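Student: For the record, the sequence lines run as chains A and B.
Under UniProt numbering, the first residue of the first sequence carries the number 1, and numbering increases by one thereafter.
Under UniProt numbering, the first residue of the second sequence carries the number 1, and numbering increases by one thereafter.
Quick caveat, the hints were computed from the structure, so don't treat them as lab data.
Just so you know, these numbers come straight off a predicted model, no measurement behind them.
Treat the hints loosely; a few may be bogus.
To be verified - List of simulated lysine to any residue pairs, SDA-like, C-alpha gap at most 25 Å:
1. 433(B) / 12(A)
2. 36(A) / 468(B)
3. 293(B) / 346(B)
4. 36(A) / 433(B)
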Amino acid sequence: MSDRIFGVFGILLAIGFAFSALAIEESFLSDAVGPKAFPIIIAAVLSLSSLAILLRPDPEPHWPAFGRLAEVLAAIVVLIIYAEALPEVGFVIATAFAATYLSWRLGSPALGAMLIGVGTSLGIYVIFHLVLGLSLARGPLGF
Amino acid sequence: MEILSNLGDGFAVALTWQNILLALLGCFLGTIMGALPGLGPSNGVAILIPLAFTMGLGATPSLILLTSVYYGAMYGGRISSILLNIPGDEPAMMTCLDGHPMALKGQAGEALSLSGVASFVGAFLATWGLILLAPQLVKIALLFGPAEYFALFALAFMTLGGVSSTNQAKSAFAAALGLGLAMIGVDTQTGVPRFTFGEVHLYDGLDFLVAIVGLFALSEVFIFLEERHGEATAESRQLKIGRLTPPLSMLKACTPTMLRTSLLGFLAGVLPGAGASLGSFISYSMEKRLVDKDGTFGTGDPRGVAAPEAGNNAAAGGALVPMLALGVPGSGTTAVLLAVLLSLNITPGPLLFTQNPDVVWGLIAALFIANFMLLAMNIPMVGLFTRLLLVPPRILMPIVAMVSFVGIYGISGSSFDLLVMIGFGIMGWILRKLDVPLVPIILGTLLGNAMENNLRRAITIDNGNWWTLIDSPLSIILWLIAIVGFILPLVIGGKVKAQMHERRDEEGAISD
Chain A
1 MSDRIFGVFG ILLAIGFAFS ALAIEESFLS DAVGPKAFPI IIAAVLSLSS
51 LAILLRPDPE PHWPAFGRLA EVLAAIVVLI IYAEALPEVG FVIATAFAAT
101 YLSWRLGSPA LGAMLIGVGT SLGIYVIFHL VLGLSLARGP LGF
Chain B
1 MEILSNLGDG FAVALTWQNI LLALLGCFLG TIMGALPGLG PSNGVAILIP
51 LAFTMGLGAT PSLILLTSVY YGAMYGGRIS SILLNIPGDE PAMMTCLDGH
101 PMALKGQAGE ALSLSGVASF VGAFLATWGL ILLAPQLVKI ALLFGPAEYF
151 ALFALAFMTL GGVSSTNQAK SAFAAALGLG LAMIGVDTQT GVPRFTFGEV
201 HLYDGLDFLV AIVGLFALSE VFIFLEERHG EATAESRQLK IGRLTPPLSM
251 LKACTPTMLR TSLLGFLAGV LPGAGASLGS FISYSMEKRL VDKDGTFGTG
301 DPRGVAAPEA GNNAAAGGAL VPMLALGVPG SGTTAVLLAV LLSLNITPGP
351 LLFTQNPDVV WGLIAALFIA NFMLLAMNIP MVGLFTRLLL VPPRILMPIV
401 AMVSFVGIYG ISGSSFDLLV MIGFGIMGWI LRKLDVPLVP IILGTLLGNA
451 MENNLRRAIT IDNGNWWTLI DSPLSIILWL IAIVGFILPL VIGGKVKAQM
501 HERRDEEGAI SD
């Protein structure tokens, strides 16, 4: 079933891709092929392979139970917040929180996760910023 | 003789303190990444690329660092195969078959050191193979025009799925997806924006480093979260390592095996779409058929340890040949290394050997140096690496995730790229669940623009005639190989695949 849904999705993707390829505005100074041809070839390959996946699906993959799926979704949300918060609060604080969360969800006890989070954050800060001179996001506190 | 003088120049480039230190660091990190289940050569190299850039390393030093990681990971994979019966990366899966039984018999130390020697032999011979074969391939490649290059790229995509993928339709899907992603941005020939949907950040196109780190490194973190597999696999089983030198008689018995499988592995590596996993697989199967008269393979036969290790390391070297000489990588990790070259504004391919000989020969010299370092590191220091296996993923994975973010943020300094990376991480996770190979996606994003440019150049030169693509004997041959390479696995691939994937690492390891 997963593969059939995937195949349908692939075909829709290919159609969308082909439509936006056809919508490309051609410049008056174009070469013999133009900017549309290759994307249309790609869309054709994409739709054919999706069709093959749809018609001959593989055995069902192992999907996680709802709880585990929610786990992954929560981690994605945390990482998005992390990416947005990075320039606002600075590298060290944001990273400590994100790493603590990940470590906690991977099964560390709460206190241990906090230590791992802070350790990861400070360790990366020392190695990459202080030693190697990489520029990391700087928050209002200067780190 | 020319080769030797070139090699001498290469050593002059490679033998600076900075480069030696980088090689040492790369070998060390690579061995760790290879040994830890869940981190393989391709995601190991992927995480380190952005860091090599933001540290401001030049072309040769970055390549030295990253290829040392690549070679190191090939060495490291065997450690967890032998001690834990879990391959540290995919190419090492065949080493489990005889390596772990040897460890159970109390010969863990001997298995580790023997496989270290076998890795060295394989990699050493393959580096010589690279030196001898790459310049010959360059001579052929110099005859290529745009039409032949287009055919060559098509060949790379059509054979990449090859025997290592489970479903040809899915690898074709992945290749088309990658090529489609490469189309995003301003068209280089006419200057019109394509697929940007008005988003200014997309005008430059997607940064393929962001795609690589997201697909390879971040998706791994999601897989671990999903399985909630946070404890180290090493904790429950403690094996005695025993003596760390293989007896001379064992080495002697394995020498013919190592030599044969090095050659075979090298050839498997050079072929497009094969890579190190296939190298170790066919090496093991051939040796089993050839020398296993008493049926000892699979019960801890030293030759069964030496064969896949020599094979996979030789294949790792062999895979560098098409990447350097043609600009078309033959495996996952070399695709990632191609990304390094492209980001450094170095176009691999025949011109690389004439325009940047210092890069090529410096790299080759560094491979020799790294090889000796790895041999020295992997035999006496193997105890240290086995202790590192005790680091549980609940500590390791947050570090992997955070270092990925640091690297990408270091390049661009924008949150937008981080969000794109998370997007690729999610995509990588779903696609891996559906068994869609990730390597063709990467290769598509890397080569998409070059492929299109060659197509358009070829047709423009011939005044819009599309038949020009199959006009020369050379391009016809390339197309034929491509078609055979795509169809053959459909016919005979099933059996090989089933055998190869029998012992696949469940949650780690992207195919190489």
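Student: So which of the earlier hints does this model not fit?
Tutor: 3, 4
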